[in-house]
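Starting from the given sequences, assemble the full structure and let the hints guide the process.
Protein sequences appear in the order of chains A and B.
Just so we're aligned, residue -7 is where the first sequence starts under the numbering used here, counting upward by one.
Just so we're aligned, residue -7 is where the second sequence starts under the numbering used here, counting upward by one.
I should point out that these hints are in silico values taken from the structure, not numbers from a laboratory.
Wrong hints could be hidden among the right ones.
Identical copies go unnamed one by one, so any copy, or any two together, can satisfy a pair.
[To be verified] Listed next, the in silico DSBU-like pairs over lysine-lysine satisfying Cα-Cα at most 35 Å (straight line):
{"no.": "1", "residue 1": "98", "residue 2": "24"}
{"no.": "2", "residue 1": "206", "residue 2": "2"}
{"no.": "3", "residue 1": "24", "residue 2": "220"}
{"no.": "4", "residue 1": "24", "residue 2": "190"}
{"no.": "5", "residue 1": "20", "residue 2": "5"}
{"no.": "6", "residue 1": "41", "residue 2": "27"}
{"no.": "7", "residue 1": "41", "residue 2": "5"}
{"no.": "8", "residue 1": "66", "residue 2": "93"}
{"no.": "9", "residue 1": "154", "residue 2": "93"}
There are 2 protein chains.
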Amino acid sequence: MLDVIALGFKPEKTKFIVDTKHAGLMYKEALKVAKKITYSTAKATFGFKPEQNIGAIFYTAMQAVPAFLPSVLKGEKIPCLIPHAIDQDSHFRLTRDVIAKLGYYKPASIQCRFLPGLGGMVEDGKMSSSEENSTIYTTDPPDTVRRKIMQHAFSGGQTSVKEHREKGGNPDVDVSYQWLTFFEEDDDKLKRIHDDYKSGKLLTGELKQILIDKLNEFLKEHQQRREKARSQIDKFMLKV
Amino acid sequence: MLDVIALGFKPEKTKFIVDTKHAGLMYKEALKVAKKITYSTAKATFGFKPEQNIGAIFYTAMQAVPAFLPSVLKGEKIPCLIPHAIDQDSHFRLTRDVIAKLGYYKPASIQCRFLPGLGGMVEDGKMSSSEENSTIYTTDPPDTVRRKIMQHAFSGGQTSVKEHREKGGNPDVDVSYQWLTFFEEDDDKLKRIHDDYKSGKLLTGELKQILIDKLNEFLKEHQQRREKARSQIDKFMLKV
Chain A
-7 MLDVIALGFK PEKTKFIVDT KHAGLMYKEA LKVAKKITYS TAKATFGFKP
43 EQNIGAIFYT AMQAVPAFLP SVLKGEKIPC LIPHAIDQDS HFRLTRDVIA
93 KLGYYKPASI QCRFLPGLGG MVEDGKMSSS EENSTIYTTD PPDTVRRKIM
143 QHAFSGGQTS VKEHREKGGN PDVDVSYQWL TFFEEDDDKL KRIHDDYKSG
193 KLLTGELKQI LIDKLNEFLK EHQQRREKAR SQIDKFMLKV
Chain B
-7 MLDVIALGFK PEKTKFIVDT KHAGLMYKEA LKVAKKITYS TAKATFGFKP
43 EQNIGAIFYT AMQAVPAFLP SVLKGEKIPC LIPHAIDQDS HFRLTRDVIA
93 KLGYYKPASI QCRFLPGLGG MVEDGKMSSS EENSTIYTTD PPDTVRRKIM
143 QHAFSGGQTS VKEHREKGGN PDVDVSYQWL TFFEEDDDKL KRIHDDYKSG
193 KLLTGELKQI LIDKLNEFLK EHQQRREKAR SQIDKFMLKV
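What follows is the structure in structure tokens.
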């Protein structure tokens, strides 16, 4: 919540919903969804094993609620657009099947890209926030950011400077370059970095330094806004 | 709720909990239970089929919450006794397995008998409130009670008066007699009815009349109390 507020979302247009905090409002709506989803469907959708706990099985019903909660609160059908990453896709595909039967519009989705873990793009490409060294936290100080990127960011470069100058690097798998596609908003500059790295003109260490500077510049301001956000959370919470 | 209040429960000692109304309090506690119950266990316990909806699968976690909610509210371990009928037994057996792991006392159970349906004792012996003719509602007027019992109460009597006088009736399967075991509090009187019916001295019509009188006497007062209960529900609701 602090990060979302720090990014500049406005309290007039933003409402936070917390499953456990807003269960009084959400649970009875989730039950309506749950009644329309069989175990069979949930299993086929999420690949549940028999040892899955029953809370995880029910969870998709709660996850569906924000897609029609504005309609419930306003008492009229309101279209809903959900920005989410690939890991939430199954939930909202199920939601699309179900909530039309409850008389609401099917939600639309915008699929966001994941920032890959520093270790490289694996499986669904999500950065795990539990593996400390593959993750840069929005609270990391500049020297930690430098150390993590220098030591752990997966490189698309060659094993020696000589080889790199000859063969060039691979920006498509280089995590530092991939991260720059999120943080460098100047497309021309980004293309130059891409081409220079690919041609071997730009070394891995230099590419990492570009990212470190960019990231620390972003985080410096973000961390200040994030501290200010602490006192604002209440303004963002959905009032019930 | 109206019937419970009408039966004389005291608001100082009685708190109603409604899953959907109290979800704000209960859902996060139910999640703790849900995490400890696998689908495999729930399936083995309740015999779920793949077409079961995911709300029904989760439900046992909500059902477990009242067994430790007093402990949550008071912030100390409080023993809990649950009066329930056989149909709820599986829920509380699961609850006993789980809530000890959450640091609460296992709940104790008192198993209550079901009032059988008028049609006789079948399967779990529960009176279905959706089969109108097998059910006497606590709101039924006296003539409806008379008609339902005379027409629909399963009889343990013989097919003719002559045969009944000779062979006697079977109180063990006679629904009117079974109901009297709930409503006739004088054990000597009940034993006399039992023996007279078994010997053939008491006819089915006479037995039914005893039940009708007993039931209508009870319902007359109950229905008055039930009307008065309407204004008291709020006093019984758990405040959160």
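Okay, the hints, checked on the actual structure:
1. 98 <-> 24: both (15 Å within a copy, 31 Å between copies)
2. 206 <-> 2: within (25 Å within a copy, 68 Å between copies)
3. 24 <-> 220: Answer is between; shortest inter-copy Cα gap is 33 Å, intra-copy 39 Å.
4. 24 <-> 190: Neither way: residue 24 and residue 190 sit 54 Å apart in one copy and 51 Å across, limit 35 Å.
5. 20 <-> 5: both (25 Å within a copy, 27 Å between copies)
6. 41 <-> 27: both (21 Å within a copy, 14 Å between copies)
7. 41 <-> 5: Neither: 40 Å inside a copy, 44 Å across copies.
8. 66 <-> 93: within (19 Å within a copy, 42 Å between copies)
9. 154 <-> 93: neither (63 Å within a copy, 61 Å between copies)
The structure fails hints 4, 7 and 9 (numbered hints given earlier, in ascending order).
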